[in-house]
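*Asks:* Residues per chain are reported as follows:
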Amino acid sequence: MIMGCLEGNCHFVNGNFRARARVQRVHNILEKINIGAGRIRMFNLSAGEGAKFAAYANEFVDQIQELGPSPINVARKKEAKNVPTGEITA
Amino acid sequence: MITGTPKPIEEILQMLEPYDNIVLAGCFGCVTVCRVGGEKEVEVLASTLRLAREASGKKITIKEVCLERQCDPEYIETMRPYVEDYQAVLSIACGAGIQFLAEKFTTTPLLPGINTGFLGVTERQGEWAERCQGCGDCVLHLTGGICPVTRCAKSLFHGPCGGSAKGICEVDKSVPCGWQLIIDRLKALNQMDNYCKLKPYKGWNSSRDGGPRRIVREDMI
Ligand code: SF4
Ligand code: SF4
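Line by line, the protein sequences give chains A and B. Under my numbering, think of the first position of the first sequence as 979, with each following residue one higher. Under my numbering, think of the first position of the second sequence as 1029, with each following residue one higher.
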């Protein structure tokens, strides 16, 4: 989750637009490698919008939960299961 | 500088399919400046590849390096102590750098991570444009500092073709006619007489048409 200042209000003139373009690039990479583009998202809000920040955070949490575990975690868990534990099961 | 663009990640993943232990080599030269093959790009590409491979259940080990220049042997030699420990080298330098690595490390497969583009300039941050095709017989002194080989889409040598309209080239509306640029500039410099000094024909044997080129400087050997 990347937070930028409101569009048109950037202290560095176009810093938040540039950030958006870069987030979009990461978005595209995540999509291409099947990790899920929805795992990154940029929001714009001003420093005084605390309630909005909380709402965006909740929205993103919902989005992530809906996506489920990341394919990386799934692969890691699978690998952990395959590691011999040394226990005798017979 | 020599410019380039990243190869699509799918293509790189496909090339890496047989390997699980590689070196990813960047270059601090041209490809760092055009943001396609420097240290930062090595880091981003290595992370992307690790994520992609781990998610597909086939992990990959990547050693990240960035050489001062991949087109000079002394920097390449810094890789020699460990290169044999890896199954392949993925390079994101220009095609010259990648080939030089391949020449030096004969038993290790070399893979290109970028598509090398052209000799160009940074017109503004994030935008590069071609300026020279290395023809080997420069005429910029006669053409107002504007290259007819590169800026004219057809590399014409004695003025525009019939497709030049209102200063725009017929191949693409976003491309200015190279010859319009040259004539405008010669007029502004009061050097239109230079136009008549261009050779009746251009010899292309100093260009790629004469085969792979070589420069030998006896005073430096
Ligand atoms: S290897 Fe290619 S990119 Fe690197 S410095 Fe040499 S010419 Fe430039
Ligand atoms: S005339 Fe030849 S050497 Fe000169 S800029 Fe054009 S392509 Fe390059």
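Just so you know, these hints were derived from the structure itself, not from any lab. Please note: incorrect hints may appear among the correct ones.
Said to hold, decoys possible - Below, computed lysine-lysine pairings styled on DSSO-like, alpha-carbon distance capped at 27 Å: (1) B:Lys1182 to B:Lys1194; (2) A:Lys1056 to B:Lys1091; (3) B:Lys1227 to A:Lys1010; (4) B:Lys1201 to B:Lys1225; (5) A:Lys1010 to B:Lys1132; (6) A:Lys1056 to B:Lys1230; (7) A:Lys1010 to B:Lys1086; (8) B:Lys1182 to B:Lys1215; (9) A:Lys1059 to B:Lys1230; (10) A:Lys1059 to B:Lys1086; (11) B:Lys1194 to B:Lys1132; (12) B:Lys1091 to A:Lys1010; (13) B:Lys1091 to A:Lys1055; (14) A:Lys1055 to B:Lys1086; (15) B:Lys1194 to B:Lys1225; (16) B:Lys1091 to B:Lys1068; (17) A:Lys1056 to B:Lys1194; (18) B:Lys1132 to B:Lys1182; (19) B:Lys1182 to B:Lys1227; (20) B:Lys1132 to B:Lys1215; (21) A:Lys1010 to B:Lys1068; (22) B:Lys1087 to A:Lys1055; (23) B:Lys1182 to B:Lys1230.
*Asks:* Hint by hint, note whether the structure agrees.
*Replies:* To see whether the hints hold, each was checked on the structure:
1. B:Lys1182 to B:Lys1194: Distance of about 17 Å is within 27 Å: holds.
2. A:Lys1056 to B:Lys1091: holds (25 Å)
3. B:Lys1227 to A:Lys1010: violated (52 Å)
4. B:Lys1201 to B:Lys1225: Not satisfied, since the Cα-Cα distance of roughly 30 Å exceeds 27 Å.
5. A:Lys1010 to B:Lys1132: violated (33 Å)
6. A:Lys1056 to B:Lys1230: violated (65 Å)
7. A:Lys1010 to B:Lys1086: holds (17 Å)
8. B:Lys1182 to B:Lys1215: Answer holds: Lys1182 of chain B to Lys1215 of chain B is near 22 Å, not above 27 Å.
9. A:Lys1059 to B:Lys1230: violated (70 Å)
10. A:Lys1059 to B:Lys1086: Roughly 15 Å separates the two Cα atoms, so the pair holds.
11. B:Lys1194 to B:Lys1132: violated (51 Å)
12. B:Lys1091 to A:Lys1010: holds (23 Å)
13. B:Lys1091 to A:Lys1055: This hinted pair holds, its Cα atoms lying about 25 Å apart.
14. A:Lys1055 to B:Lys1086: holds (14 Å)
15. B:Lys1194 to B:Lys1225: holds (26 Å)
16. B:Lys1091 to B:Lys1068: Measuring from Cα to Cα gives roughly 14 Å; hence the hint holds.
17. A:Lys1056 to B:Lys1194: violated (65 Å)
18. B:Lys1132 to B:Lys1182: Since the Cα atoms of Lys1132 of chain B and Lys1182 of chain B sit roughly 37 Å apart, the hinted pair is violated (cutoff 27 Å).
19. B:Lys1182 to B:Lys1227: holds (17 Å)
20. B:Lys1132 to B:Lys1215: Distance of about 51 Å is beyond 27 Å: violated.
21. A:Lys1010 to B:Lys1068: Satisfied, since the Cα-Cα distance of roughly 20 Å is no more than 27 Å.
22. B:Lys1087 to A:Lys1055: holds (14 Å)
23. B:Lys1182 to B:Lys1230: Judged against 27 Å, a Cα distance of about 13 Å means the pair holds.
Consistency note: the structure conflicts with the earlier hints numbered 3, 4, 5, 6, 9, 11, 17, 18, 20.
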